[in-house]
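J.: Required output: the full structure, derived from the provided sequences and hints.
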Amino acid sequence: MNDWNGDWNPDEERLLDAPTVRPYVIARGRTEAQDRFDLITLAVTIRPTTGAEIGLDPEHQAIVRLCRRPLSVAEIAAHMDLPAGIVRVLLGDLFDRGFVAVQEPQPEVDVLDERMYRAVLDGLRAL
Amino acid sequence: MVSGRSDMPKTPTPKMPKAIKLLIAGGFGVGKTTMVGAVSEIRPLRTEETLTDRSVGVDDLSGVEAKSTTTVAMDFGRISIGDDFMLYLFGTPGQERFWFVWDELARGALGAVVLADTRRLADCFPSVDYFERRGTPFIVAVNCFEGAPMFQLDEVKLALNLGPDVPVLLCDARKRDSGKEVLIALVKHAYSKRPAAVS
Ligand SMILES: Nc1nc2c(ncn2[C@@H]2O[C@H](COP(=O)(O)OP(=O)(O)OP(=O)(O)O)[C@@H](O)[C@H]2O)c(=O)[nH]1
Ligand SMILES: [Mg+2]
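Heads up: the sequence lines are chains C and X, in that order. Residues 1 to 127 (this note's numbering) make up the first sequence, in order. Residues 128 to 326 (this note's numbering) make up the second sequence, in order.
Watch out, some of these pointers could steer you wrong.
The calculated lysine to any residue pairs, modelled on SDA-like cross-linking and capped at a C-alpha distance of 20 Å, are [what the hints assert, rightly or not]:
(1) X:K284 - X:A249
(2) X:K302 - X:D244
(3) X:K320 - C:R115
(4) X:K142 - C:T41
(5) X:K315 - C:G123
(6) X:K315 - X:V295
Worth flagging that the hints you see were computed from the coordinates, not collected in a lab.
T.: Written out as structure tokens, the structure is:
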């Protein structure tokens with residue numbers, strides 16, 4: 001059975017329904033950061049915000065809340081309704097300040113790992 | 128590799144799954160989003176990549192270097208494989224002028240499904256060409272729409288001029304089990320094509 005909502009919390013959806021002009025302003029000009037993470041780079045919160053951090057915008061805090069469980073850049077972007085490039089910039093800020101840990105996708109050497117193929121095949125068969 | 132700054136108090140870094148990318152490609156309206164939705168454990172999501180023109184703009188501004196940005200929307204879904212792996216399925220934008228997005232998407236992808244519709248087989252030529260050139264392992268899945276001419280898989284293979292080792296199978300993009308079979312076929316094929324196995 002498909003669980004379309006997954007672990008997605010509708011309250012957060014409303015919270016994030018705010019106008020999205022600000023994130024563009026925050027990210028403006030920081031194009032170098034936009035290539036920093038892959039669409040499937042995973043991020044997870046390792047230090048919650050208290051809400052009073054200096055220099056963290058509501059969008060940063062929304063990401064910190066979203067990433068209580070590991071989420072990809074693509075998922076964060078979709079949930080926040082922001083382009084992936086903007087999310088990369090915001091995520092870079094959070095990473096630099098120690099709020100999130102990130103995991104880059106499989107390096108090539110792992111992709112060649114036989115166990116990975118086996119685990120994925122077994123997992124798919126068991127769906 | 129999990130990385131995080133360590134000079135600040137924090138909770139222990141949770142174990143992260145490894146993310147794996149699979150692509151669902153094919154012509155316009157062939158059922159890419161439908162297939163992503165059928166197998167995904169979350170409702171299909173949509174993300175936008177804003178890309179600065181690399182070679183898209185054919186607009187001749189008489190010598191003036193034209194820089195434009197293009198926004199491309201991609202549908203994607205997710206399948207978690209235990210705690211260890213997270214499969215992400217991206218429906219690639221069909222239009223040829225978005226091939227530069229494919230490059231970003233295809234980088235690091237384990238493999239691709241090219242969805243075909245027998246009423247418009249030619250629509251998947253560009254995808255087939257692209258993955259062949261790029262060396263991305265791919266299989267062809269013929270989405271069986273009602274009323275579409277039935278072909279033998281051999282005929283499809285011939286019509287698409289596929290190499291003998293490219294798997295071709297029938298599917299129903301709306302059905303989870305069918306999508307699952309397609310993904311299993313793809314992962315098996317990618318496994319047989321992995322550089323260690325080939326060279
Ligand atoms: N009868 C039938 N209809 C299908 C099947 N797969 C998809 N459809 C329908 O075909 C239409 C197009 O499907 P989509 O999944 O949106 O196709 P797409 O490839 O994502 O389309 P674009 O993203 O616009 O290129 C939808 O109305 C689907 O419901 C199928 O196997 N059988
Ligand atoms: Mg679609």
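J.: Given the hinted pair X:K315 and X:V295, is their alpha-carbon gap at most 20 Å?
T.: holds (13 Å)
J.: Quick one, are X:K320 and C:R115 close enough, alpha carbons at most 20 Å?
T.: holds (15 Å)
J.: Given the hint that X:K284 pairs with X:A249, test it: the Cα-Cα distance must not exceed 20 Å.
T.: holds (12 Å)
J.: Does X:K302 pair with X:D244 here, judged by a C-alpha cut-off of 20 Å?
T.: holds (16 Å)
J.: Please verify whether X:K315 and C:G123 have alpha carbons no more than 20 Å apart.
T.: Answer holds: X:K315 to C:G123 is near 13 Å, not above 20 Å.
J.: Hint check: X:K142 vs C:T41, CA-CA at most 20 Å. Holds or violated?
T.: OK: X:K142 and C:T41 at ~14 Å, within 20 Å.
Hint check: no violations occur; every hint is consistent with the structure.
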